[in-house]
Amino acid sequence: MERFIGRRLLICIPTLIGVTIVVFITIKIIPGNPVASLAGINSTAAVRAAITHRLGLDQPWPVQYFDWIRSTLQGNLGTSISRQVAVRPLVFSALSNTFILAGAGAVVAFVGGTLLGLWGALRHRHRDGSVADSVAALTVAAPQYSVALVLLVVLTVNITAFPSGGMYNSSGGGGLPALLDHLILPAIAVGLAPLGVIARIFRSSLIDVMNQEFVTSLRARGLSRGAVLRHAIHNTLPSLFTVAGLQIGFLLGGALFVEILFTWPGIGQLIFQSISARDYPVIEACSLVLAVAFVLLNVIIDVGHALVDPRVRQ
Amino acid sequence: MTTTTHLPAPTDVRHSSRLDPGGSPSTPDTPGPAEGTLVVEDLHVTFRAKHRSVEAVRGISFTVTAGKTLVLLGESGSGKSVSARSILRLYSSAVEVTGRATLGGVELFGLPEREMQSLRGQAIALVPQDASGTLDPLRRIGSQITEVLRRHAVVSSRKEARQRAEELLAQVGIADPRRAVRSYPHELSGGMRQRALIAIAIACSPRVLIADEPTTALDVTIQAQILELFASLQDSLGMGLLLVTHDVGVARQIAHRVAVMYAGLLVEEGTGAAVLDHPAHPYTAGLLRAVPTHDTPRGFLHAIPGKPPAAGETVADACAFAPRCAFAVDSCRTEQPELVLVGSEHRAACPVVDGEVPPDGTPAPATGLEAP
Amino acid sequence: MSAIEIPIGLMSPADDGLPAGEVISRTRRHIPLTVIIPGSFLGLLILAAIFAPLVAPDGPLAGSIADRLQGVGSPGHLLGTDGQGRDILSRLIWGARPSLLEGIVPVAIAGTIGTVLGMVASLGGRRMHTLIMRTLDVFYSFPAVLLAIALAAALGAGVVSDIVALSIVLIAPIARVAETEVSRLRSSDFMEAAKASGASWPTIAGRQVLPNIAPTLLVYCTALIGLAIVFAGGLSFLGLGIAPPQAEWGSMLNDLNQDLYNAPVLTLIPALMIFVTSIAFNILGDGLRDLLDTHSETGQ
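Chains as they are written, first to last, in our numbering: chain A, 1 to 314; chain B, 1 to 372; chain C, 1 to 300.
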């Protein structure tokens with residue numbers, strides 16, 4: 001198991017390198033001139049040249065890349081152009097807020113998905129089992145921003161059941177209850193589509209497992225229905241981990257959109273604002289941090305998968 | 001919480017089971033024949049789908065005696081596996097099973113599911129074919145054995161369970177039981193996995209063991225070892241063995257009695273010697289001749305022309321084998337032949353052949369069905 | 001061909017009680033509802049988009065501020081008007097063009113490139129395989145949404161950059177599916193036979209491999225179109241899509257969102273449009289899977 005973890009982390013490294021390269025190149029392609037916006041419209045060529053040199057933008061790209069990597073590893077993520085504050089604390093506080101939202105969405109997706117899938121599997125010969133499956137099929141396509149909008153419209157505009165934005169009460173207080181109150185709707189919006197996917201895959205996986213030889217073999221040993229079901233569910237866990245790996249992207253990505261609609265102060269909001277403000281350091285840092293977080297999350301999921309399924313450890 | 005219904009194990013004189021008709025504890029060495037005998041009568045198994053039903057087993061009866069091996073011999077589709085599994089009631093309610101199955105006097109088909117669960121794995125056990133994943137791929141072998149031991153209350157502590165698991169793996173001939181106990185199924189070879197499945201099945205010293213194609217997935221050399229293992233376990237545990245197979249060679253090696261199945265019915269039944277050396281049904285004879293031996297002349301492979309009817313395609317009032325039979329006469333297509341006695345302890349369902357198929361397999365005069 | 005073989009050792013309590021080896025006829029004689037219903041809906045939608053000038057009651061830009069935010073069912077405006085007074089129904093129809101394009105074209109492009117990459121990765125030897133799969137992994141390492149946003153932002157707003165961004169994002173998943181399918185085929189007997197017969201790789205790829213993986217890929221890509229439409233809507237919603245005031249579902253969403261508190265229901269209309277169209281593609285994909293009788297384990 002330890003060897004698996006070691007190997008998995010090792011593979012990360014080239015991927016991370018690739019990720020940084022893609023982020024770097026993408027930022028470089030963005031049209032528009034950061035120097036011009038920094039220097040102002042009426043700046044002279046000399047001022048602009050000085051700024052270009054100060055920002056290191058006159059160096060060849062590979063040099064810029066390594067400089068950027070070096071300063072990133074040292075913890076320096078630059079300064080926000082529009083806000084004139086250090087990027088790092090900005091990005092990390094936004095990141096943690098995004099994690100809270102994505103995490104809540106994940107809880108909604110997994111808890112709801114496994115329950116719905118379980119129901120669909122256990123009752124798949126009956127009508128209500130098909131209902132469960134149809135529900136799942138519908139939610140799969142629910143674009144997270146659409147759901148967010150629906151929830152906003154229905155539950156916050158006319159019926160003010162839930163707050164319509166922000167993370168805590170307007171004064172920033174309220175503690176955990178306020179957080180949860182603000183979290184429910186966006187979490188549902190984020191988690192609904194993955195919930196459908198998880199429900200369908202769990203259901204199909206459970207039905208498959210229940211039909212397999214080894215379940216018959218378990219029953220032949222005299223185990224009770226409950227014990228057999230427990231083992232069957234255990235055997236569906238590997239597929240759930242596979243799904244989790246695939247759905248993380250949607251959870252994180254969906255969170256970005258939902259943040260914008262619910263004005264949740266996360267990375268999505270930050271990126272959105274920075275794109276309009278042409279605030280390149282922030283965009284760059286956000287993309288990098290998000291991508292790295294994603295890679296690491298995948299590692300964690302793979303490790304979990306190997307914990308559950310010994311065959312994966314090779 | 002789970003009810004445990006025990007049939008007495010050979011070394012277990014403490015429990016007197018309510019299933020023992022005599023009420024007296026069994027002797028330590030061999031159980032009385034009554035307790036270990038599985039009697040199946042008029043078994044029918046019908047699969048119900050939305051628009052039709054398929055009768056896979058159309059009325060068979062047989063007995064598995066303690067300490068003896070009955071081989072249920074037949075091709076794919078004959079219904080032999082279905083029969084074996086329906087005895088253990090492993091099918092869902094979508095499958096209709098009628099008839100009687102009695103183990104040591106207890107009627108299996110009438111039991112509530114809970115009691116049947118106690119008997120499964122304890123009084124009557126299944127050794128499945130190690131096709132794909134009959135062992136839980138996510139759990140270690142040892143844990144799967146100890147689970148059975150503890151479920152049927154054969155041991156009283158975790159430690160005892162672990163010890164017993166190692167002993168069982170040794171008993172089935174695994175070389176390094178300590179390591180095997182800690183291994184996952186995918187880390188073992190096919191032969192070892194089959195032995196592990198046998199260990200799980202015999203863990204609670206069952207009265208009757210049902211083995212469903214236990215050697216089909218294995219190399220010939222391993223096959224021989226597994227069959228030897230069955231024989232020696234039978235001697236030491238005194239259990240009855242119902243072995244389901246399509247392999248005539250397996251039957252020859254291990255059978256005390258053979259029952260030949262075709263298209264959901266028994267066509268012949270008797271002692272191994274009687275059926276395998278003096279077949280009294282054209283199908284059995286064909287099956288036996290189809291296996292090439294060292295003195296089969298080169299270029300001659302005897303095949304039975306045609307192929308067996310699929311389940312659901314058979315007709316009730318005719319002999320299912322008639323279309324392919326060299327001996328068939330008109331009455332074969334209008335009457336279902338009955339299993340009748342053709343020798344001492346030997347029954348066959350072919351009135352035409354009348355007790356013995358001619359050695360060359362053809363009725364006189366020759367009809368030219370042999371290969372040129 | 002309704003023969004039921006009961007193979008050895010495959011007996012299991014299947015749902016309908018029939019032994020697991022049951023083979024019902026391989027090709028359905030009738031086309032399932034899951035293909036007909038979404039298929040018709042999408043067909044009509046595409047036709048409406050193509051013939052928008054004839055079908056839509058108004059032009060996409062026509063309207064006056066005086067008429068702004070009329071509700072659903074107002075006279076002359078079946079689905080109301082937006083914040084600029086433009087007829088929503090018309091803009092939905094006109095907007096179907098870019099929205100559908102942004103869904104279908106990226107999948108077509110990524111489908112072609114991805115399939116080729118997947119085939120090359122699987123058939124082209126170990127080093128090629130590693131090279132391609134590791135590169136794809138890098139793209140896989142980004143949450144698709146983030147990558148799409150970043151690329152679309154980098155390439156400048158507009159339909160073309162959206163299409164390019166989405167194509168790039170979708171190549172990796174398709175290539176992965178293609179690679180899995182081809183690898184599964186590679187170990188099958190008929191591939192060995194093809195190789196043994198001396199056929200060259202491109203021939204094998206074209207004649208043997210492609211027709212066999214095509215059904216699975218088709219099913220997957222159909223569902224992917226649904227996803228692409230949602231993505232494209234999202235990109236436009238962020239302002240990265242077609243330049244306003246052109247009509248497009250995602251940017252309509254953004255427009256109407258500005259007036260969320262004044263006319264909440266209107267905002268739902270483009271959202272619903274995206275949702276329904278996307279689901280139609282999903283269900284169509286499921287239906288195609290049944291029709292073609294493929295075993296697709298890629299369920300999104």
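It cannot be assumed that every hint is accurate.
Across the chosen pairs, the derived CB separations fall in these ranges [what the hints assert, rightly or not]:
#1 C/His129 x A/Val154: 46 to 52 Å
#2 B/Ser61 x C/His129: 57 to 63 Å
#3 B/Gly59 x C/Pro202: 22 to 28 Å
#4 A/Arg54 x C/Gly156: 55 to 61 Å
#5 C/Pro211 x A/Leu9: 39 to 45 Å
#6 C/Gly156 x A/Arg83: 54 to 60 Å
#7 A/Arg54 x C/Val160: 42 to 48 Å
#8 B/Arg158 x C/Leu272: 55 to 61 Å
#9 A/Asp128 x B/Leu111: 38 to 44 Å
#10 B/Glu228 x C/Glu192: 56 to 62 Å
Keep in mind the hints are simulated off the structure, nothing from the lab. Glycine included, each C-beta is placed from N, C-alpha and C at the ideal position.
Each hint tested on the structure:
At about 50 Å, the beta-carbon gap between C/His129 and A/Val154 stays in the expected band of 46 to 52 Å. Against the hinted window of 57 to 63 Å, the Cβ-Cβ separation of B/Ser61 and C/His129 comes to about 59 Å, which satisfies the hint. Judged by the Cβ atoms, the range 22 to 28 Å given for B/Gly59 and C/Pro202 is violated: they are separated by roughly 59 Å. Checked against the hint of 55 to 61 Å, the pair A/Arg54 and C/Gly156 fails, with Cβ atoms roughly 27 Å apart.
Separation of C/Pro211 from A/Leu9 is about 41 Å and conforms to the stated range, judged on CB atoms against 39 to 45 Å. The hint said 54 to 60 Å for the Cβ distance between C/Gly156 and A/Arg83, and at roughly 24 Å that hint is violated. For A/Arg54 and C/Val160, the hinted distance range of 42 to 48 Å is not satisfied, since their beta carbons lie about 35 Å from each other. Separated by about 59 Å at the C-beta atoms, B/Arg158 and C/Leu272 satisfy the suggested range of 55 to 61 Å.
Taking the beta carbon of each, A/Asp128 and B/Leu111 are about 30 Å apart, not inside 38 to 44 Å as hinted. For B/Glu228 and C/Glu192, the Cβ-Cβ distance of about 37 Å falls outside the hinted range of 56 to 62 Å, so the restraint is violated.
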